[in-house]
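J.: So you can see what is in the structure, the chains are spelled out below.
2 protein chains.
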Amino acid sequence: MVKITDVVVKDIRFPTSRNLDGSDAMNEAPDYSATYVILKTDKGEALSGHGLTFTNGRGNNLVVAAAETLAKSFVIGKELGDITKDFGTFWHELVAGDSQLRWLGPEKGLVHLATAALVNALWDMWAKSEGKPVWKLLADMTPEELVRCVDFTYIEDAITPHEALAMLKRKEAGKAAREAEMHEKGFPAYSTAAGWLGYSEEKMRRLAREAVEGGWTHLKQKVGADIEQDVERARILREELGWDRHLMMDANQIWGVEEAIANMRRLAEFDPLWIEEPTSPDDILGHKAIRDSIGNIGVATGEHAHNRVMFKQFFQAEAFDFCQLDPARLGGVNEVLAVLLMAAKYDVPVCPHGGGVGLCQYSLNIVLFDYIAVSGSLENRVLEYVDHLHENFEEPLTVKNGRYFPGSMPGYGATLKADSQERFAFPDGVEWAETV
Amino acid sequence: MVKITDVVVKDIRFPTSRNLDGSDAMNEAPDYSATYVILKTDKGEALSGHGLTFTNGRGNNLVVAAAETLAKSFVIGKELGDITKDFGTFWHELVAGDSQLRWLGPEKGLVHLATAALVNALWDMWAKSEGKPVWKLLADMTPEELVRCVDFTYIEDAITPHEALAMLKRKEAGKAAREAEMHEKGFPAYSTAAGWLGYSEEKMRRLAREAVEGGWTHLKQKVGADIEQDVERARILREELGWDRHLMMDANQIWGVEEAIANMRRLAEFDPLWIEEPTSPDDILGHKAIRDSIGNIGVATGEHAHNRVMFKQFFQAEAFDFCQLDPARLGGVNEVLAVLLMAAKYDVPVCPHGGGVGLCQYSLNIVLFDYIAVSGSLENRVLEYVDHLHENFEEPLTVKNGRYFPGSMPGYGATLKADSQERFAFPDGVEWAETV
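First to last, the protein sequences are chains P and E. Quick note: the first sequence, position 300, residue 300 per our numbering, numbers continuous. Adding 436 to a residue's 1-based position in the second sequence gives its number in our numbering.
Just chain P, with the same shape it has in the complex (with noise of 0.2 Å):
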C-alpha cells in the first residue's frame, strides 16, 4: 500500500531563446519550459512520481497553479492502488469530475496540460513502485489490465473496449521476441538538430553534415519563414542527405489551408517524406484538404491535438498519415494508450511528438510499448530526436547510429536530476537570477 501525502509542482524553464534552439515559424524564441509536478508518499525517499507537460515559457506558472489544484482535488490522500486498480475511471473523474474546473477547457488547453503532467507523475510512481520502466509495465500487462486504464467516452463510436481486447490479443504472441529485437536492434529515430529556423545556412549545413556521418537516415527541417527561403534550405539539406535518406518538413502551424497546399507543390521537387503542422491544429477537414492535393508526401500532426476525441476525428476523416500525438498535451498515458487504440485500428502509424522538455523520453516509452504490444510493425515509424537539454534527466538516453535503445531505469524516464530543478526554478533559480 502506497499513499499519496503531499504535491509539489515546480515551475522550471531553460533558457533556450539565448540560442534559438527550438525556433520555428510560430515560435520564435520559446524558453523551453516544464511544469514538473512532484507527487510524494508515505515511503519518503523510497518512492515518489515525478511528472511533467513541456510549455514554452511564459504561462508556465498558470499550468503550474491548475496542477495543483488537481492534484489536491483528486490525488493527495489517495492510495495508488486504488487510482491504479480502474485507472480509467479515475482519469474520466479527473478530466470530468470535477465539473467546474471542467468549463475551463473541456479537457484541453491550460487544464489538461496540467492533468498530462499529474498522469504523467502518477504513471511514473506506478512505474517505478514496480521496479519498471513505464514501457516495460505497459508491455507486461494484460490486454484487460490496459483497456481499463484507458476513458472510452466519446470514441465507443471509433474503437469499443470489445476491439481493443481483441486487438490486444492479437498482438500477444509476438510481443517477448518484439521487445528483444528493441533491445538488440533499438527503435528509429529522426533528428531536428539541423532544421532550426533560427540557424543560419552555415550552421545548417554543417548539422546535417554531422548528421549523416553520425548514421542518421531521417533530417527534419523547419519551413514556414519565407518559401524562397524554405526552397533553399531544402536545396542545401538534400546536398547533404542525398536521395536515400528521408527529409521531412514541418510548418508549425504557420499557413492556411491553401497557402498549405501552393507552398508543398512547390516543395515537392526535394520529396519530402512529410508536412508536419501545414496549418491550424485544430483543422482537422483542413489537413484533409491538404493531404488530398499534394501528392506522395504524407501529412503529418498531432503534438497540439489536445485529446483523444480530435485524433478520433483525423482517423475517421483519413486526414493525415503520420499520428504525432504528444504525451504531455494529451492527458497523459491514459489518454496516450486511447490513440495507440484507434491508431492501430485504422493502421496509421504513431511518430509523437519529441521536442520540448522529457518529450523524447516520454515517447520513446511510449513507442516501444506500442510496437511490443499494439501495433507490432516499425513501417513508417520513426520517433523525433531532439539533442538538447537531456544532460537535465537522472536517465540518460541511448541514441546510436539513429537508434534510441530501451532505458531501464524504473518510471517514466523524465526524472530531473535535483540540481537541475533547482538551477532551472523561475524565476528564483542561478540561471534566471541575472536575467529577470
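FYI, nobody ran anything at the bench for these hints, they're computed from the structure. Just so we're clear, the structure is a prediction, and the values are computed from it rather than from any experiment. Note that the Cβ used here is the ideal one computed from N, Cα and C, for glycine as well. One thing to keep in mind: the hints can contain errors.
Derived DSS-like pairs: lysine-lysine, alpha-carbon spacing no greater than 25 Å straight-line [what the hints assert, rightly or not]:
no., chain 1, residue 1, chain 2, residue 2
1, E, 476, P, 288
2, E, 853, E, 476
3, P, 345, E, 724
4, P, 417, P, 132
5, P, 169, P, 345
6, P, 400, P, 203
7, P, 132, P, 185
8, P, 85, P, 40
9, P, 288, E, 724
Listed next, with one range per pair, are the computed distances between beta-carbon atoms [unchecked claim]:
no., chain 1, residue 1, chain 2, residue 2, range
10, P, 427, E, 455, 39 to 45 Å
11, E, 599, P, 227, 21 to 27 Å
12, E, 646, P, 86, 44 to 50 Å
13, E, 599, P, 266, 21 to 27 Å
14, E, 637, P, 394, 21 to 27 Å
15, P, 172, E, 599, 39 to 45 Å
16, E, 854, P, 76, 34 to 40 Å
17, P, 292, E, 845, 27 to 33 Å
18, E, 596, P, 213, 47 to 53 Å
19, E, 649, P, 292, 53 to 59 Å
20, P, 76, E, 567, 36 to 42 Å
With the Cβ distance kept under 7 Å, some of the chain E side facing chain P (calculated, not the full set) [claimed, not checked]:
no., residue
21, 501
22, 539
23, 541
Given chain P, work out where chain E should sit, using these hints.
T.: Same frame as chain P, but now just chain E:
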C-alpha cells in the same frame, strides 16, 4: 485620443450552486462566475471598458491571472484608436503574437477565455467612447470597417475578406428598416427557466405554466441524466406547452455519438426543435453522424466550440442546424464576427449561448447586429433567455412576450453594478464570507 492606463481583473462568483440554478447533466452544481476585466483610461471616471468571460466557479482565479498577463502585455499603455483602427491585426497579435503564451492553447481553453474577457472590455470601451451600445456601433460600421475587425487566419478556405465585403454590401440596403423593426418588435427569445435538471417535476411544471402565460413560445429542457426521467419531463413540458409551441432539448455533452442517436430516437415523439450539445463539443464528425441519424430533429451546438476554426468545420461538414456561438468563449467580438460571416455564407442560423453571467447581454448585441447587417433573417433564430443574475448589471434587460428588445446604454451591456462587484468578489465579498 484615449490612452489605456491600467487594468483591474476581478474574480466574481455567484453562489448559484446553493439553489441548483443552472444545473444540467454535466454541471450538477455550478457557481456562475465571471472573470471581470476593467480597463482604465486617462479619461478617469469618464471612460473605462468592462468585459467578462463566464466560468463555472473553481479555476476562475486562473483565468483572472491569465487576463492580467494578457492585458499587461498587449493593452496597457496603448491608444484605443491604435487598436481599433486595425482591430483584426491587433486581435491576431493578441492570440498568436506571444508564442510562449500561444503554446498553452493555441486559441482554446483558459487563455482563450481570458482573451475573450479582455477583448470584450475593449469593445465595451470603444462603444462607450462612441456613446453607443455595441450592436449599434457594429450596425453603423461600413462593410470595410467591419472586415478590418476580423482575423481571417485559418478560415480563408471558407471565406475571404473579399467575399465578406461583398456579403455585407448586399445587406446594406435594408439595415435601417431592420433596426427599426428590432426596436418595435424585438428579437425572438426562448427560455431555459423551467428546464434545469436539478428542479423537481412540480417546480418544472409550475415554471413552464408561468412561461406559457408570459408569452413564451419556445422552452428548453435539460436532458441526459436518465432517459426515463427525460421522457417523463418531456411529457410534462408538452402537456404545458401544447404542440404549437417549440420544445428544445439540451444534453450538455453527456452522451457518446451512438448513445445520442438512440436517446434522441426515443425522445423524437416529443418533437424537439433541436438537441443541443448531444456529445463532445470537439466532435464535428460526431455531430454530423448524429444529425444524419435523427430525422427532423435539429442539431445545435457551439457554446463550447472554442474558435473560428472549429466553427469553420461545423459549417463545412454540415454538422449542425443551429450555430450557438458563445461570445465569451470565442475570443471576443472580433472572432464572433468571423463566425457570423461564415454562418451567413453557409446559411446556418446563429442562436448564441445565453446562459451564465452576462451572456444574454452580450448575445443580444450580437443577434441584433447579425440581423440588421449580416444575415438579414429571423428564420429559425431564437436567443436564449435565462432569468437569473440580471439584477447585478447596470442596464436592465428588456424581455417582453418572449422577445428581447435592444438596449440603449453605451457599451456592451454587461457592466456589473459596483455594489455587485463588491458583494460577489471571491473569496472576500460578503456573499462568500460565511462559506469559504
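J.: Against each hint, give a clear statement of whether it holds in the structure.
T.: For each hint, the structure was consulted:
1. E/476 with P/288: 46 Å, violated
2. E/853 with E/476: 16 Å, holds
3. P/345 with E/724: 22 Å, holds
4. P/417 with P/132: 19 Å, holds
5. P/169 with P/345: The given pair, whose Cα atoms are some 13 Å apart, holds under the 25 Å limit.
6. P/400 with P/203: 22 Å, holds
7. P/132 with P/185: Holds. Residue 132 of chain P to residue 185 of chain P sits at ~20 Å (cutoff 25 Å).
8. P/85 with P/40: 19 Å, holds
9. P/288 with E/724: Given that 25 Å is the threshold and the Cα spacing comes to 16 Å, the pair holds.
10. P/427 with E/455: 39 to 45 Å: 44 Å, holds
11. E/599 with P/227: 21 to 27 Å: For residue 599 of chain E and residue 227 of chain P the Cβ distance comes to about 25 Å; the hint holds.
12. E/646 with P/86: 44 to 50 Å: 45 Å, holds
13. E/599 with P/266: 21 to 27 Å: 26 Å, holds
14. E/637 with P/394: 21 to 27 Å: Given about 60 Å between the Cβ atoms, the range is violated.
15. P/172 with E/599: 39 to 45 Å: For residue 172 of chain P and residue 599 of chain E the Cβ distance comes to about 55 Å; the hint is violated.
16. E/854 with P/76: 34 to 40 Å: Distance hint for residue 854 of chain E, residue 76 of chain P holds at roughly 39 Å.
17. P/292 with E/845: 27 to 33 Å: Taking Cβ atoms as reference, residue 292 of chain P and residue 845 of chain E lie about 51 Å apart, which means the hint is violated.
18. E/596 with P/213: 47 to 53 Å: 48 Å Cβ-Cβ, so the 47 to 53 Å window holds.
19. E/649 with P/292: 53 to 59 Å: 56 Å, holds
20. P/76 with E/567: 36 to 42 Å: 53 Å, violated
21. 501: 6 Å, holds
22. 539: Nearest chain P Cβ about 4 Å off; hint holds.
23. 541: 5 Å, holds
Of the numbered hints stated above, those contradicted by the structure are hints 1, 14, 15, 17 and 20, listed in ascending order.
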